[in-house]
Structures are given as structure tokens and as C-alpha cells.
Amino acid sequence: MTKLADVMEATAIRPFQVNIPEAELTELRRRITATRFPEKEPVADFSQGVQLAFMEELARYWATEYDWRKVEAKLNSNPNFLTEIDGLDIHFMHIRSKHENAMPLIVTHGWPGSPIEQLKIIDPLTNPTAHGGSASDAFHVVIPSMAGYGFSGKPTTTGWDPARMARAWVELMKRLGYSRFAAQGGDWGGFVTNLMAQQAPPELIGIHVNFSGAAPPEVSKALQSGQPAPASLSAEEKRAYNQMAFLYQHVPTQIMMAAHPQTLYGLADSPVALAAWMIDHDVASYGHIVKLFLKGEPYGDLTRDDILDNITLSWLTNTGVSSARLYVEYKGAFFNDYHISVPAAVSVFPEEVYQAPRSWSERAYSKLVHYNQLDRGGHFAAWEQPKLFSEEVRAGFRSLRG
Amino acid sequence: MRRRINATKWPERETVTDASQGVQLATTQALARYWATGYDWRKCEAKLSALPNLITEIDGLQRRH
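Residue numbers (the working numbering), protein chains in the order written: chain A, 1 to 402; chain D, 1001 to 1065.
Stretch by stretch, here's where chain A covers chain D in the computed footprint (C-beta under 8 Å, at least three residues):
#1 1003-1010
#2 1013-1024
No farther apart than 35 Å at their CA atoms in a straight line, the calculated lysine-lysine pairs in the DSBU-like style are these:
#3 A:Lys-291 to D:Lys-1009
#4 A:Lys-295 to D:Lys-1009
#5 A:Lys-387 to A:Lys-120
#6 A:Lys-120 to D:Lys-1009
Hints are computed from structural coordinates only; laboratory data are not their basis. Remember, predicted model here, so these are calculated numbers, not experimental data. All C-beta atoms in this analysis are idealised placements derived from N, C-alpha and C, irrespective of residue type, glycine included.
Start from the sequences, fold in the hints, and give me the full structure.
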């Protein structure tokens, strides 16, 4: 093969379908059923981590009632592709709107996530007239799996940090023929989106984030040195400061992932270890997930199957460790102001790990075109509150359409 | 235990050439291979049992099987 043909092959966009062999699903159930559990925690709350009674119920449901084929069919009902960018295969879904003037939008998930988190927003964003919106609100949606996540390739060398992912996404959008596009993200997807906005490629129209980097430098500095909230802060800012200070003390799994992701062998070997690790994310979502499994209490639009879809995807692709590596890759601060000057929209959900005040958001995003505090929803907003989330994305980009 | 060690599903190799990301894959695989094939718990058990071992309840703590 000539060198040119090699390059063309690498940059080709290859259709992709999810088709997990039945033997792998049988083996997953076998491993869940064979789980050796530890003793019950000696406390009556989440303070020692994901609780035994909940994990036993999750394992029971996962091994006996859960059906992976349903989400596999949902994934395959969308066009899926692979393309090699910067030496790594990137998986993505690409759903074009029937509306010609739709705005191209790349949406990035976080940890512990995958494009499964975005399945429910695809139709509201691409087909808004069927969901209470107008044709002028339509998006062409691109949903990639981050490097090391889901069906994307796993980096074999260091360097795939959120900034590199942001550059890869710009290349992906250009490869799809989009010369102007917008970007959206929460959790790590918010970092990727913020960093893309900081890189400010000429193709980027603007961003929408539901996990913003907004803490002013002096606040970020005070946080990192563990000081109490500066006296100059307003009540709302003080609340955000205290939420961030709490997080600095309560991110046990994240600390491990940022230090020694390779030591997490159990995530590759035990489905229950993987599930517990992925559910140990934040206090609010944990509380909801436990009540969902143990009492059947609703958690927005999230079902038990949704939760297990995401975990099962991670198990089947063996990405527990490769996805954790993103934490060791990222060297920046966690809530800092990125000094972004491209147009930006910020949605603040009440159960997110912190609520970025408008005052900080206006400083962090000099062209803040939309800021809204919602009355419900949390860290997994697109997944929990797809209708509200889609309305926020539409509202956020409305003023940026040409 | 040997069955579980032999049935281990492994992650990929670390993306670095040192222990900075934790216990390296080659190390863990070598340990697992020896553990499943060469290691003999009974030797350690015999050493423990060669000494007088006793149990008593203190402050309510009981050993449960």
C-alpha cells in the first residue's frame, strides 16, 4: 500500500455496529453470580463507600433480570462510526437533523460515562419539532466516546488528556464536513469543552457546559491551600466555595484514579467491583441510585437499566482502568476559571456537585450568552433530565445561530 | 482461589514504563502465575500452626466464619 493510501485508510470513517457475543454476556452473569462479597459496612450510611445491601440487590438484578440487548439495539438504532484520529480509533454516533440549517454540535460525556448518557437527548436535539421546539432549534449531533472509554481505542502511551481530546474533536468535526460547530459537555466532557473553548479554534461557534470551570483564581488558590471561604464572597459564592471544599475532601475514587489507576485490577476482573467503583461518584447521585434499586423511587428519567447499561458497557469493553487513566492524565486545576472568550452558555443544576454562581460565570466566560439555574437535575443532567437539558442546550445556543 | 486467579480478566498494560501508575501489569501477571502454580499456602499454614494459636473475645469482637 502507498503511504497516501495508508493515510486515507486511517482517516476513513468506518460504519460500526455493536454486537457483543452471547458468550461474553453469559460470562458476565457467571461472574456476577460468583461474586464473593465483603462484610457489611459497620456504619449505617455512605461514609465508608457503596453499601453492601445495595450492591447485593444490584448484583441480583444485573444477573437475573437485566438485558444488555435492549441498549445494544438502542445504540445500533443510531449511526455509529469509528475513525482514527491522532493514532487512536475514536467511536462516535453521528445523527443528522432533517432540518438543513441545524447547528452541528459535539456532545462529550464524562466519567463514569459513555454516549449511553446522551441517548435520550438525541431526538429532542435533532428533531425538536417532535419535542415542543421549533425547526430553528435543531442540531446535527455528534457524540464521541472519549479516548479509553467505550468503543473508542485505549491509549497505549501517555498524553491523551482533555486538551488533546478537544483537539481531536475539532479534527473529527472537520472530517465530518462541519466548518462551524458548537460543543457541549458535563463532567470530563465539560473539561474537554472548556479546553476546546480556551484553544478557540476558528470553527467553534460557542459552548454549553453543565459543569463549568468558573472559580476565580484567588478562590481556586484558597481552595487548594485548604483555607476557609474568603470573607469577600457573597452568600451564593460562599456556598459554592464550601461545596468545592467538601469535594476536595470527598473524592476517594478520583484520588485513586489520579494516582494509581493501573492498580485497579479488580475493575477488569470483577463486575461487582466495577459497578461499585462507578457508582461511588457523588453523594447526591449515590443516594438516588440506592433508592432506585432498593425502593423503586424515581431518579428523574433514570431507570435501573440505564445505570446498568453504562456499567455493562464498561465491563464488556474492559475500560474500567483505561477510563480511569484520564484522571492521571489531567494536570490542571479542577474548578478554575479558564478565561474563555468564545460565546458560552452555562446551565447550573441544583444537585450538581457545586453550583457555579452567575457572578463567577460572568468573569470566567467573558461572552456569557446564557446562564440559568434549574430547579431539578444533577450531575448526569442529560441522562436524568433529558427534556430540561435539551431545552437548556437550545436556549444556550439560540443567540449564536447565523 | 487458584481457579479465580487463573480466570483473571486483565486490563491493558500501563501507559508508562515505571510504577508511576501503580502496580505494573507484567509484575501482577508474574505474581498471579506463581500464585496459581508454584505457591503453596500449606507451608505458611504449617508455620502458623507450629506456634500456639489461641482465640479470646475482647470488647465484644467474635470471629465469624
